[in-house]
Amino acid sequence: MSYRHLLSDRCDIYHVKKEQAPETKYGVPAADLQPLRTYGETPDHVDVPCYFAEKNQSLVQKDPEQVIYHSYLVHFPRDADVRLHDQVVWNGIGYTLQKPRNIKDHHWEVLAVRDEKL
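Residue 4 is where the sequence shown starts when you use my numbering, and the numbers rise one by one after that.
Keep in mind that the hints were calculated from the coordinates and are not lab data. Please note: incorrect hints may appear among the correct ones.
Below, in silico cross-link-like pairs of lysine to aspartate or glutamate (EDC-like), each with a Cα-Cα straight-line distance of 20 Å or less [claimed, not checked]: (1) Lys58 x Glu119; (2) Lys102 x Asp118; (3) Lys102 x Asp47; (4) Lys102 x Asp15; (5) Lys107 x Asp84; (6) Lys20 x Asp84; (7) Lys58 x Asp118.
Pair by pair, the computed Cβ-Cβ distance ranges are [to be verified]: (8) Leu39 x Ser5: 37 to 47 Å; (9) Ser11 x Pro67: 37 to 47 Å; (10) Arg86 x Arg13: 14 to 24 Å; (11) Glu112 x Gly30: 37 to 47 Å; (12) Ile96 x His18: 11 to 21 Å; (13) Arg117 x Pro67: 18 to 28 Å; (14) Val63 x Asp84: 29 to 39 Å; (15) Asp84 x Ser5: 14 to 24 Å; (16) Pro38 x Asn59: 23 to 33 Å.
Remember, predicted model here, so these are calculated numbers, not experimental data. Heads up, the beta-carbon is just placed ideally off N, CA and C, and yes, glycines get one too.
Construct all of the structure, not just a fragment, from the sequences and the given hints.
Here it is in structure tokens:
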């Protein structure tokens, strides 16, 4: 059985588009503010083979609602175009990718996280 057959999940990848903050906030010039992260309407890559393995899940009581923190270790084939802060949509839920790790020039491992108010 090949490695590609083990990648049983499929996801859509949206590459991050950094935009400059439009105006000064709290006296800090717009050029010095952290860029805003936005994503396109349509995915940059559709139906990418991958494998999601749950790593951690926690539910935290905040004021006034609960927040779920969820992370997965995601495996991608070597030819997949995955980047820092990309967004992947798997089973209708969006996750933000952390820094991809190249594993022996064979495949990518990336931590995908989400935090959502319930």
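Structure-based check of each hint:
| no. | hint | verdict |
| --- | --- | --- |
| 1 | Lys58 x Glu119 | 17 Å, holds |
| 2 | Lys102 x Asp118 | 17 Å, holds |
| 3 | Lys102 x Asp47 | 18 Å, holds |
| 4 | Lys102 x Asp15 | 18 Å, holds |
| 5 | Lys107 x Asp84 | 17 Å, holds |
| 6 | Lys20 x Asp84 | 15 Å, holds |
| 7 | Lys58 x Asp118 | 14 Å, holds |
| 8 | Leu39 x Ser5: 37 to 47 Å | 41 Å, holds |
| 9 | Ser11 x Pro67: 37 to 47 Å | 39 Å, holds |
| 10 | Arg86 x Arg13: 14 to 24 Å | 19 Å, holds |
| 11 | Glu112 x Gly30: 37 to 47 Å | 41 Å, holds |
| 12 | Ile96 x His18: 11 to 21 Å | 18 Å, holds |
| 13 | Arg117 x Pro67: 18 to 28 Å | 20 Å, holds |
| 14 | Val63 x Asp84: 29 to 39 Å | 33 Å, holds |
| 15 | Asp84 x Ser5: 14 to 24 Å | 21 Å, holds |
| 16 | Pro38 x Asn59: 23 to 33 Å | 28 Å, holds |
Violated hints for the displayed structure: none, as all numbered hints are satisfied.
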